[in-house]
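> Quick mapping for you: the protein sequence lines, in order, are chains A and B. Residues in the first sequence are numbered consecutively from 1, following full-length UniProt numbering. Residues in the second sequence are numbered consecutively from 1, following full-length UniProt numbering.
Don't read these hints as lab results, they were simulated from the structure. Wrong hints could be hidden among the right ones.
In this list, chains with the same sequence are indistinguishable; a pair is considered to hold if it fits within one copy or across any two.
[What the hints assert, rightly or not] Below 20 Å or equal to it, Euclidean Cα-Cα: the simulated SDA-like pairs (lysine to any residue) are: (1) 277 / 253; (2) 277 / 131; (3) 277 / 461; (4) 281 / 254; (5) 281 / 100; (6) 219 / 433; (7) 277 / 248; (8) 219 / 110; (9) 292 / 135; (10) 281 / 136; (11) 205 / 378; (12) 292 / 461; (13) 292 / 130; (14) 292 / 139; (15) 277 / 366; (16) 281 / 373; (17) 277 / 139; (18) 292 / 133.
Remember, predicted model here, so these are calculated numbers, not experimental data.
Number of protein chains: 2
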Amino acid sequence: MAAVSAPRALCRLAGQVRPTLSRPDLTRSLSGVTAARPPRPSGRSGAALLWVPRAGLATRSGPRATASQPLSDPVSSPGADAASVGSLDVAIDAADVVATDEAGRCLRVQWRDGSESLYPFVWLRDNCQCSACFLGHPTFVRSLVLRDLDVNTSVEACRVTSDGSELSVTWSDGHQGTYAAEWLLLRSFRPEEQRRRREEHSVEKSHWNASQMSGKLPKADFQQVLDSEPARLALLLALERYGLVVLQNCGSESGQVLRLIQAIGYPHTTHYGTTFKVTTKADPINIAYTTKRLNMHADLPYYEQQPQVQLLHYQRQHGGGGGRSEFADALHVAAELRRLQPEAYRALADTPVDWVNVTLPGETGRSHHKLFRAPVLQEDAEGRLVGLRFSQAQRDSFFGAPLGVVDRWYRAFALFNRMLNDEEYKVSFLPQQGDMVMFDNTRLTHGREDFECPEQATQRCLEGGYIGLDDIRDHRRTLQHRLGRNEFGL
Amino acid sequence: MAAVSAPRALCRLAGQVRPTLSRPDLTRSLSGVTAARPPRPSGRSGAALLWVPRAGLATRSGPRATASQPLSDPVSSPGADAASVGSLDVAIDAADVVATDEAGRCLRVQWRDGSESLYPFVWLRDNCQCSACFLGHPTFVRSLVLRDLDVNTSVEACRVTSDGSELSVTWSDGHQGTYAAEWLLLRSFRPEEQRRRREEHSVEKSHWNASQMSGKLPKADFQQVLDSEPARLALLLALERYGLVVLQNCGSESGQVLRLIQAIGYPHTTHYGTTFKVTTKADPINIAYTTKRLNMHADLPYYEQQPQVQLLHYQRQHGGGGGRSEFADALHVAAELRRLQPEAYRALADTPVDWVNVTLPGETGRSHHKLFRAPVLQEDAEGRLVGLRFSQAQRDSFFGAPLGVVDRWYRAFALFNRMLNDEEYKVSFLPQQGDMVMFDNTRLTHGREDFECPEQATQRCLEGGYIGLDDIRDHRRTLQHRLGRNEFGL
Numbered sequence: 001m002a003a004v005s006a007p008r009a010l011c012r013l014a015g016q017v018r019p020t021l022s023r024p025d026l027t028r029s030l031s032g033v034t035a036a037r038p039p040r041p042s043g044r045s046g047a048a049l050l051w052v053p054r055a056g057l058a059t060r061s062g063p064r065a066t067a068s069q070p071l072s073d074p075v076s077s078p079g080a081d082a083a084s085v086g087s088l089d090v091a092i093d094a095a096d097v098v099a100t101d102e103a104g105r106c107l108r109v110q111w112r113d114g115s116e117s118l119y120p121f122v123w124l125r126d127n128c129q130c131s132a133c134f135l136g137h138p139t140f141v142r143s144l145v146l147r148d149l150d151v152n153t154s155v156e157a158c159r160v161t162s163d164g165s166e167l168s169v170t171w172s173d174g175h176q177g178t179y180a181a182e183w184l185l186l187r188s189f190r191p192e193e194q195r196r197r198r199e200e201h202s203v204e205k206s207h208w209n210a211s212q213m214s215g216k217l218p219k220a221d222f223q224q225v226l227d228s229e230p231a232r233l234a235l236l237l238a239l240e241r242y243g244l245v246v247l248q249n250c251g252s253e254s255g256q257v258l259r260l261i262q263a264i265g266y267p268h269t270t271h272y273g274t275t276f277k278v279t280t281k282a283d284p285i286n287i288a289y290t291t292k293r294l295n296m297h298a299d300l301p302y303y304e305q306q307p308q309v310q311l312l313h314y315q316r317q318h319g320g321g322g323g324r325s326e327f328a329d330a331l332h333v334a335a336e337l338r339r340l341q342p343e344a345y346r347a348l349a350d351t352p353v354d355w356v357n358v359t360l361p362g363e364t365g366r367s368h369h370k371l372f373r374a375p376v377l378q379e380d381a382e383g384r385l386v387g388l389r390f391s392q393a394q395r396d397s398f399f400g401a402p403l404g405v406v407d408r409w410y411r412a413f414a415l416f417n418r419m420l421n422d423e424e425y426k427v428s429f430l431p432q433q434g435d436m437v438m439f440d441n442t443r444l445t446h447g448r449e450d451f452e453c454p455e456q457a458t459q460r461c462l463e464g465g466y467i468g469l470d471d472i473r474d475h476r477r478t479l480q481h482r483l484g485r486n487e488f489g490l
Numbered sequence: 001m002a003a004v005s006a007p008r009a010l011c012r013l014a015g016q017v018r019p020t021l022s023r024p025d026l027t028r029s030l031s032g033v034t035a036a037r038p039p040r041p042s043g044r045s046g047a048a049l050l051w052v053p054r055a056g057l058a059t060r061s062g063p064r065a066t067a068s069q070p071l072s073d074p075v076s077s078p079g080a081d082a083a084s085v086g087s088l089d090v091a092i093d094a095a096d097v098v099a100t101d102e103a104g105r106c107l108r109v110q111w112r113d114g115s116e117s118l119y120p121f122v123w124l125r126d127n128c129q130c131s132a133c134f135l136g137h138p139t140f141v142r143s144l145v146l147r148d149l150d151v152n153t154s155v156e157a158c159r160v161t162s163d164g165s166e167l168s169v170t171w172s173d174g175h176q177g178t179y180a181a182e183w184l185l186l187r188s189f190r191p192e193e194q195r196r197r198r199e200e201h202s203v204e205k206s207h208w209n210a211s212q213m214s215g216k217l218p219k220a221d222f223q224q225v226l227d228s229e230p231a232r233l234a235l236l237l238a239l240e241r242y243g244l245v246v247l248q249n250c251g252s253e254s255g256q257v258l259r260l261i262q263a264i265g266y267p268h269t270t271h272y273g274t275t276f277k278v279t280t281k282a283d284p285i286n287i288a289y290t291t292k293r294l295n296m297h298a299d300l301p302y303y304e305q306q307p308q309v310q311l312l313h314y315q316r317q318h319g320g321g322g323g324r325s326e327f328a329d330a331l332h333v334a335a336e337l338r339r340l341q342p343e344a345y346r347a348l349a350d351t352p353v354d355w356v357n358v359t360l361p362g363e364t365g366r367s368h369h370k371l372f373r374a375p376v377l378q379e380d381a382e383g384r385l386v387g388l389r390f391s392q393a394q395r396d397s398f399f400g401a402p403l404g405v406v407d408r409w410y411r412a413f414a415l416f417n418r419m420l421n422d423e424e425y426k427v428s429f430l431p432q433q434g435d436m437v438m439f440d441n442t443r444l445t446h447g448r449e450d451f452e453c454p455e456q457a458t459q460r461c462l463e464g465g466y467i468g469l470d471d472i473r474d475h476r477r478t479l480q481h482r483l484g485r486n487e488f489g490l
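Same shape as in the complex, but just chain A (with noise of 0.2 Å):
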């Protein structure tokens, strides 16, 4: 054991703490493994999510869906290594009590390979993995009470298992607790180590043109995404990745939008309903309800919390000529237009836009007055673009932008326009009977030709619906989880 008492341990650290952690052996050993493979049998059920950086490691090194391949196909095996997975490497040399410049007081730990991580006391203290500190299974949740939380703690002493394997601390108050080597190291704070988890977590969008889309579409089997949580799993992968997916052989009933959607999640239900009907009527109250082209747009820009997933299910197609759909990855596009004319980039980004809608009574009985103020483009609190409400139709006449800014807000919006029109970037292809198209709404836009529809020909009709990206996410996460937890033996 090494024990060190916090006083007497009290040294400055200067330039010691290494930028990176190779780990040569934890990435070896997780190479091959791959999030679609089919779950094993397992006495302890659901225990693999105490262990959330394990299961996304492995997901993240595992061959990914390519636009090329059926998502219905097998993916290849998992390889040779995977079998040593659940052996890590991960020990703790030793630890002693630093004070820095940069973060305070903090306790240090050193890696049997050589490397250093450093932990804030008061991190450290609300992190506690006490019984009286955290609760395990099944809530998963801190119970230390912040108002009990000392932020000037500071550690008495710290004692490390001979194995390397945990680390004991002692705090002013005499409060005690343990941390496993492996817990600590996954929550390291050097910036690689954040980065890499915040990785772990998420899918990485794949921007795509036509040419890389066009005849590649992501497709699955409807029936075996329902059935097969693998083939679930490769859905959400390839919907995260490429905000399209096409689901095959859906048939022409009605419900398929929310079995679909009561398999990863819940309905966002809006003022259409929880699912609606997309067909010709005589009295449209929408441009979508009649045979004319419906030009390139994103659905509901007038709501602050934007439905995020469709689903649109072509339950009959019409029987004439044209109707092809249109989609466009407007943030691929975007990030093109950044580019290009970055000035044209920043007045869609900078300028807020009224987006409205205004419903009388009609089919739902009900009258609708939605309002929201937000800029074609949106980027997140660190300029990463994120977010498109784009609609030609559904913009306020009026518009609150500076006088200034308007004409080159206007052809800002119409060079975009332009470009999310142009064949080097929009696909098209007309569905078939019983296909399902789902999509990411605040990334894609989406459009369609004018069609023919004879008097005689079949009546074309489409169910729709959305889910949020939390659903999306976190079905993805939990599927992973289990479909993973057997190459880490828990």
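Dock chain B against chain A, hints included.
Then chain B, alone, in the frame of chain A:
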């Protein structure tokens, strides 16, 4: 008719635009109108929605509900001026074409009161109100296709009717359009007018501390809110203004939460269901399901689309002592923090935190892993404080902040928590059996004292649910239009 051909009328405009337009007659004629006035019969239902700004003005000028006023009380009668609201004195004296340094080529409209407004050509063309460019009832959308909008268009000629009520424009491609004087005035690009328009569609938040809210909770009768549109409007206005309302006499049956939600809009279903029950359980997966103290928090911070307005119906209150509910206007507390300790405020507004929920297969048979990264305090693109995520329990042990920020962030977080729990800011009350509390979960924090519940006493049972602010604002605007329509003679 004042006819102007574009090239001849071109002149330089410098410093001629007045910053404000007083319109004293308009302001006076609207005074005394109240949003809570009962509707009058009208054969032209719905048409008021065409004239949204007028109804908005009516509401803004009317007396506002205050925290000390029960929402079910009749509000004061409209003043004698109300009858004259129908006659707006808005007329155009002349129009000509100008080229400005700031905004390029514009149509300049001179109003009868001597002030003037500038309208950029491209905006005016984009918002042509002819039947080919704009679909009126019941669609109310722009049908002019964006690719057909010439951003270099110019005015060939313009004419004003002799009574000044309409402006007609002939464009360089021969297209003609007509604009009503009032329609133009309501879309003025003058910043004051723009701000007023925005304010008309929104409800200003009234921040509160304990002494301002304690004993003065906005209250309403449940059945009256369901049955009466003025009562429902008063409820929604108070909710948007204060973030907190109490509905009384809801009875003890289940389903009342959903009933109220459906009277307003649609439920926001979460992984707790469309509605959910809060009872004391033997094997709780959430501390809410115990008799323990529930510290100040906001719900579901791990959702990107965080459920916004929460409803909690006290179907049965516990039989023992304790258990008072606690609420604080966290946006007010954050504003105080910004004033008193700007660096602490910035730490909470600038540092992303990982919010997490892990659920193993439980009552719903589903597992969940929700995760969202966002600061405690959310500012919009213009730096206004608009949202809140606050939960000690559901903050991840992984903290992705730079090492140098950690200590400062914890001090700010702990200080904010002390303020939220301070008697100066929080209100406490014991909801009665049959009460329903409705509050904005992205603005207020809420908590609950621990409570005694002897075996033989009544067991506490709450039913909860969520509805989005999109629906709240939508229904509030709709009611504002509907209840104000007769004052405007529409």
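> Evaluate each hint against the coordinates.
Results for each hint:
no. : hint      : verdict
1   : 277 / 253 : within (12 Å within a copy, 34 Å between copies)
2   : 277 / 131 : neither (52 Å within a copy, 27 Å between copies)
3   : 277 / 461 : within (7 Å within a copy, 39 Å between copies)
4   : 281 / 254 : within (19 Å within a copy, 39 Å between copies)
5   : 281 / 100 : neither (70 Å within a copy, 46 Å between copies)
6   : 219 / 433 : within (15 Å within a copy, 53 Å between copies)
7   : 277 / 248 : within (19 Å within a copy, 39 Å between copies)
8   : 219 / 110 : neither (48 Å within a copy, 60 Å between copies)
9   : 292 / 135 : between (58 Å within a copy, 14 Å between copies)
10  : 281 / 136 : between (55 Å within a copy, 17 Å between copies)
11  : 205 / 378 : within (16 Å within a copy, 25 Å between copies)
12  : 292 / 461 : within (15 Å within a copy, 53 Å between copies)
13  : 292 / 130 : between (64 Å within a copy, 19 Å between copies)
14  : 292 / 139 : between (53 Å within a copy, 15 Å between copies)
15  : 277 / 366 : within (17 Å within a copy, 29 Å between copies)
16  : 281 / 373 : neither (31 Å within a copy, 44 Å between copies)
17  : 277 / 139 : between (40 Å within a copy, 17 Å between copies)
18  : 292 / 133 : between (62 Å within a copy, 15 Å between copies)
The structure shown violates the earlier hints numbered 2, 5, 8, 16.
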